[in-house]
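Protein chains in written order, with my numbering: chain F, 1 to 560; chain H, 1 to 560.
Because the hints were derived from the structure by calculation, they are not lab data.
Hints should not be assumed to be uniformly reliable.
Unchecked claim - Lysine-lysine pairs mimicking DSSO-like chemistry, simulated, CA-CA at most 27 angstroms apart:
1) F:K545 / F:K112
2) F:K367 / H:K367
3) H:K381 / H:K345
4) H:K326 / F:K410
5) F:K326 / F:K367
6) F:K410 / F:K381
7) F:K545 / F:K501
8) F:K410 / F:K367
9) H:K112 / F:K381
10) H:K112 / H:K287
11) H:K501 / H:K545
12) F:K367 / H:K545
13) F:K112 / F:K390
14) H:K410 / H:K381
15) H:K326 / H:K345
16) H:K439 / F:K367
17) F:K367 / F:K390
18) H:K501 / F:K345
19) H:K410 / F:K326
20) H:K287 / H:K326
21) H:K367 / H:K390
22) H:K507 / H:K545
23) H:K439 / H:K410
24) F:K410 / H:K287
2 protein chains.
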Amino acid sequence: MSQADANAPALSPLEVIPVGGVGEFGMNMMLVSVGGDAVLIDAGVMFPEPELLGVDLVIPDLTVLDEWRGRIRGLVLTHGHEDHIGAVAHVLPRVDGPVYGSALTLAMVGPKLEEYGIKAGDRLVEVRPRETVTLGQMRVEFLRVTHSIPDCLAVAIHTPAGVIIHTADFKIDQTPLDGEPTDLHRLAELGSQGVLALFADSTNVDRPGFAGSERDVIAGFEEIFSSTAGKIVVTCFSTSLHRMQVLIDLAAQFDRRVAIVGRGAVNSSEIAMRLGRLRMPTHLQIKDSDVRDFPSQDVLCICTGSQGEPMAALPRIAIDDHRHIKIGDGDVVVFSARRIPGNEKAIARVMNHISRRGATAIDDTEKHIHVSGHAGAEESKLVISLVRPKHFIPIHGEYRQLARHARMAKHVSAAIDVILAEDGDVIRFDEEGGRIHRKLASGRVFIDGTRTGEVGDEVLRDRRHLAGDGLVVPVLAINSQSGVFEQAPELITRGFVVDAKTEGLLKDVPGVLLGMLEQLSIEERTDPGLMKERVRAELQRFFRKRAGRRPLVLPVIMEV
Amino acid sequence: MSQADANAPALSPLEVIPVGGVGEFGMNMMLVSVGGDAVLIDAGVMFPEPELLGVDLVIPDLTVLDEWRGRIRGLVLTHGHEDHIGAVAHVLPRVDGPVYGSALTLAMVGPKLEEYGIKAGDRLVEVRPRETVTLGQMRVEFLRVTHSIPDCLAVAIHTPAGVIIHTADFKIDQTPLDGEPTDLHRLAELGSQGVLALFADSTNVDRPGFAGSERDVIAGFEEIFSSTAGKIVVTCFSTSLHRMQVLIDLAAQFDRRVAIVGRGAVNSSEIAMRLGRLRMPTHLQIKDSDVRDFPSQDVLCICTGSQGEPMAALPRIAIDDHRHIKIGDGDVVVFSARRIPGNEKAIARVMNHISRRGATAIDDTEKHIHVSGHAGAEESKLVISLVRPKHFIPIHGEYRQLARHARMAKHVSAAIDVILAEDGDVIRFDEEGGRIHRKLASGRVFIDGTRTGEVGDEVLRDRRHLAGDGLVVPVLAINSQSGVFEQAPELITRGFVVDAKTEGLLKDVPGVLLGMLEQLSIEERTDPGLMKERVRAELQRFFRKRAGRRPLVLPVIMEV
């Protein structure tokens with residue numbers, strides 16, 4: 001054996017590095033490296049916690065990838081959710097090969113890249129279940145899994161050191177709407193042949209039993225369709241295409257026209273319809289501006305805003321601030337989505353507003369109108385049992401969930417070696433087994449991407465260097481009953497060069513805010529969460545247009 | 001009939017005004033008025049939303065009561081929870097008669113009044129179930145109900161216009177730990193005789209079925225006691241005395257000593273023990289400072305901090321910042337409390353820290369170790385069925401829950417007249433029926449009550465007049481990995497008279513903050529929620545001690 005031969009494998013054993021999504025929710029990304037070749041699985045974003053004022057998106061710090069510069073042979077995307085594909089535009093410059101994904105996933109990535117002015121062209125390579133692509137010393141095999149969006153893939157990577165499986169987000173939907181079940185047969189086959197390591201979704205390990213089929217919501221919605229005299233308005237995630245299909249089918253059956261309302265939902269439904277992943281009879285669909293032309297009992301609206309986001313469709317409808325759609329007595333509004341932790345109060349506010357309008361607000365505590373897309377405890381155990389891995393590494397979750405998933409794997413088989421890793425840990429597999437070998441400096445990068453509704457108008461900023469354009473803290477005291485300003489808006493600033501122009505600019509701000517307030521209803525003015533969002537958007541637009549500056553705007557709303 | 005006779009009843013028919021807690025959660029308070037006499041039911045606080053920066057407590061605006069000045073014959077307290085008794089000190093000056101409540105309720109009110117320097121003395125009048133007191137034209141009858149704290153009472157008020165029933169917070173615990181069940185017999189009897197109006201708790205109307213008995217958690221805890229080799233740490237609300245009793249009984253059975261940790265839990269357990277509402281064998285109890293002297297397997301800690309409050313016992317233990325108690329491998333930490341909406345992320349953070357310590361964090365998704373104290377849907381329907389009221393008014397809930405409770409009552413009997421009221425509505429009952437007659441200006445008052453841990457050291461401020469002592473916005477940029485300040489703390493102020501002294505004071509602030517930061521662990525420094533709380537407490541203390549000022553402190557923590 002020559003010295004080179006002896007060194008090569010010793011220098012580059014199989015290493016797996018969770019770049020994001022392990023020890024936290026969102027921004028999923030994992031690097032697999034062996035023998036000088038690397039592949040990235042997913043490139044997701046995270047939605048920021050409320051503490052991260054002024055930040056719109058969070059992505060993993062990509063300097064972790066520096067060691068593999070020039071050797072990342074491909075980016076594999078498991079499915080089209082933001083926490084798996086939202087950072088592709090940022091990651092792509094560091095990838096040397098193609099981007100692999102299912103047809104739907106790639107169709108959702110395309111427009112994102114265009115927004116950032118990136119022409120990916122033939123770098124986007126469509127793959128199908130059971131297909132395999134070779135990337136250096138790795139063979140990447142794609143496996144069908146079910147989830148809340150169609151066309152999802154898990155990944156099995158065949159390496160010289162053994163096979164590793166990454167489940168992606170999954171559940172075991174035994175009666176999928178599109179007839180494409182999770183590929184349990186191939187998981188079992190790989191399990192029989194021997195799997196070195198399983199990396200599995202921990203999102204819902206704290207839910208007992210099975211998640212259930214997307215089909216399970218049909219009965220609950222049927223009850224609503226058959227008993228509602230007015231409009232039916234359903235809010236779900238923009239990418240909940242299975243849910244939309246259920247609703248469209250019921251609308252056809254119960255003779256209601258369908259309006260899809262809100263940009264995100266319109267975009268993703270158009271993409272899915274183009275690819276045949278969402279089927280809507282042509283005569284059925286109407287525009288949101290046409291809703292008023294139909295009797296209430298003939299309309300179904302599918303809306304964005306399930307998390308209570310103040311500027312999305314349903315929250316605006318709820319406070320009677322939508323251009324086209326009004327709700328009232330006899331109408332039913334259904335929340336068909338999970339509540340992302342941290343959004344509970346905003347969602348509750350929207351439900352209160354709906355009830356005040358006289359409409360009936362229904363969520364999953366009243367009817368079975370939502371199923372999760374993530375495996376429950378029994379499904380998680382089943383996959384561990386089928387795959388029988390030597391090593392088990394829980395991913396996609398905060399630390400408490402990884403720890404619980406780890407306990408679960410030990411209950412399935414005490415023989416399984418569990419590795420509790422976090423972002424930045426380098427998990428090495430070699431003749432000595434699997435273990436955390438070293439730790440890289442992982443981290444997060446904050447993106448401030450104010451949109452004005454125009455595609456291409458998103459501007460990115462790296463918030464690691466803070467408040468480069470200054471900091472503006474508008475302080476508003478609003479009467480919680482009448483919604484009027486109790487005192488003139490105060491403006492606290494930092495980091496502004498005060499010249500004549502800036503001074504004039506700052507003097508205009510109270511007037512701008514008062515002007516905005518006049519256009520709002522009392523309900524809007526007395527909703528502090530909504531006001532904060534409005535004030536921020538208004539002042540960011542003001543400073544950008546009038547001074548070309550992008551200060552960090554941190555509104556302080558005091559109810560008095 | 002003389003003119004006076006003819007006028008008296010016409011001038012003052014039966015009116016009920018929800019002062020707080022109807023259309024919102026917390027600060028429960030209701031006024032009942034007839035023939036020139038009035039009685040108040042409960043005087044509660046609300047814990048503020050995160051948007052209400054710098055505010056510690058919220059109470060109803062008591063100017064609503066002005067019309068009844070000199071005619072409020074008594075204050076009736078249903079039970080000892082803060083959202084029912086927390087505002088007694090503020091309300092008492094407006095009450096002309098005694099304060100009625102059960103022994104436990106009054107024992108919990110007493111120290112509160114002392115803190116505010118109020119000597120209530122013989123104004124506190126103990127009542128028992130089935131007892132009646134006469135207040136002007138009203139006879140107030142007390143009925144036993146079960147809830148998560150012992151000694152709870154519902155109220156039936158016999159008036160010339162008819163009987164009204166206020167359920168208070170309740171559930172129907174069929175096997176109560178203290179053998180004191182909800183008085184269904186008397187509710188049925190009153191129902192048979194005819195009830196004018198029922199005011200019922202809407203908190204959990206969106207939960208199907210029955211809440212369950214406090215006894216239901218025993219099996220889940222037994223599993224934990226019999227399988228845990230290390231310390232058992234349980235966090236619950238300070239007033240969850242039934243839960244504490246279950247834990248103490250199991251500790252006795254499994255031979256563990258009990259340490260009650262955290263001021264709130266210590267105080268309420270001492271009161272309850274004194275009154276025989278909590279029974280603990282003398283040899284069983286140890287102090288938190290003694291925990292380290294016992295082997296882990298011999299200890300049970302009952303802690304405050306179930307909502308992830310940064311300065312409470314468990315959250316400090318979780319980040320290894322408690323003077324006496326440490327957790328690690330083999331220890332089990334149980335969250336035996338509901339998650340108050342808005343606290344989910346703070347609780348999740350504490351669970352993550354616990355898992356990182358190597359201990360196992362268990363909540364009610366894993367084992368049945370919590371039951372609610374509020375009636376579920378079936379219990380709510382049962383009470384409506386038994387009472388058969390002419391009018392039904394849902395209370396204790398946000399609007400969507402009131403609306404749902406109202407739909408439920410209509411399902412029980414279409415003959416029931418439902419009145420959907422909100423705070424400040426004057427509900428009048430007369431020969432024309434029951435309806436919202438007029439609306440008073442209801443509102444909220446914000447209380448900033450910084451404590452330094454000393455009884456009597458709480459200072460109250462009415463925040464209706466904002467920022468009278470100035471506004472301080474410390475802006476900190478903290479590295480989310482290392483926890484170091486990435487730039488010197490910035491201090492933005494408003495409303496300070498800048499003289500030599502103030503200037504010197506403000507210059508000291510960065511040093512104060514840096515000094516505080518040095519004493520914190522990396523885990524603390526990288527927890528933005530906790531940092532915000534710490535910075536606020538530190539600067540409030542600083543300004544109070546050094547300048548006798550109490551500015552509003554609104555920390556902005558930016559993770560970088």
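Here is how each hint holds up against the structure:
For a cut-off of 27 angstroms, the pair hint linking K545 of chain F to K112 of chain F stands: about 24 angstroms separates their Cα positions. At most 27 angstroms may separate the alpha-carbon atoms for a hinted pair to count; K367 of chain F and K367 of chain H meet this at roughly 24 angstroms. In summary, the hint linking K381 of chain H to K345 of chain H is not supported, as the alpha carbons are separated by about 33 angstroms, beyond the 27 angstroms threshold. The suggested pairing of K326 of chain H with K410 of chain F holds, with an alpha-carbon distance near 26 angstroms, which does not exceed 27 angstroms.
Taken as a hint, the K326 of chain F and K367 of chain F pair is honoured in the structure, with Cα atoms around 24 angstroms apart against an allowance of 27 angstroms. A C-alpha spacing of about 10 angstroms is found between K410 of chain F and K381 of chain F, which places the hinted pair at or below 27 angstroms, so the restraint holds. Annotation: proposed proximity of K545 of chain F to K501 of chain F holds, straight-line Cα distance about 13 angstroms (limit 27 angstroms). Distance hint between K410 of chain F and K367 of chain F is unfulfilled; the C-alpha atoms sit about 36 angstroms from each other, more than 27 angstroms.
A hinted pair counts as satisfied when its Cα atoms are at most 27 angstroms apart, and K112 of chain H with K381 of chain F does not qualify at roughly 51 angstroms. Restraint check: the Cα-Cα separation between K112 of chain H and K287 of chain H comes to about 24 angstroms, which is no more than 27 angstroms; the hinted pair holds. Simply put, K501 of chain H and K545 of chain H have alpha-carbon atoms about 14 angstroms apart, close enough for the 27 angstroms limit, and the pair holds. Proposed proximity of K367 of chain F and K545 of chain H is contradicted: the alpha carbons are some 55 angstroms apart, above 27 angstroms.
Among the hinted pairs, K112 of chain F with K390 of chain F is inconsistent with the structure: their alpha-carbon atoms are about 38 angstroms apart, more than 27 angstroms. Pair hint K410 of chain H plus K381 of chain H holds up; C-alpha atoms about 10 angstroms apart against a cutoff of 27 angstroms. At most 27 angstroms may separate the alpha-carbon atoms for a hinted pair to count; K326 of chain H and K345 of chain H meet this at roughly 23 angstroms. Between K439 of chain H and K367 of chain F the alpha-carbon distance is near 35 angstroms, which puts this suggested pair outside the 27 angstroms criterion.
A hinted pair counts as satisfied when its Cα atoms are at most 27 angstroms apart, and K367 of chain F with K390 of chain F does not qualify at roughly 42 angstroms. At most 27 angstroms may separate the alpha-carbon atoms for a hinted pair to count; K501 of chain H and K345 of chain F exceed this at roughly 43 angstroms. A C-alpha spacing of about 26 angstroms is found between K410 of chain H and K326 of chain F, which places the hinted pair at or below 27 angstroms, so the restraint holds. The hinted pair formed by K287 of chain H and K326 of chain H meets the criterion: a straight-line CA distance of about 14 angstroms does not exceed 27 angstroms.
A distance of roughly 42 angstroms separates the Cα atoms of K367 of chain H and K390 of chain H; the hinted pair therefore is violated under the 27 angstroms criterion. At roughly 16 angstroms between alpha-carbon atoms, K507 of chain H and K545 of chain H fall within 27 angstroms of each other, so this suggested pair holds. At most 27 angstroms may separate the alpha-carbon atoms for a hinted pair to count; K439 of chain H and K410 of chain H meet this at roughly 25 angstroms. The suggested pairing of K410 of chain F with K287 of chain H is violated, with an alpha-carbon distance near 36 angstroms, which exceeds 27 angstroms.
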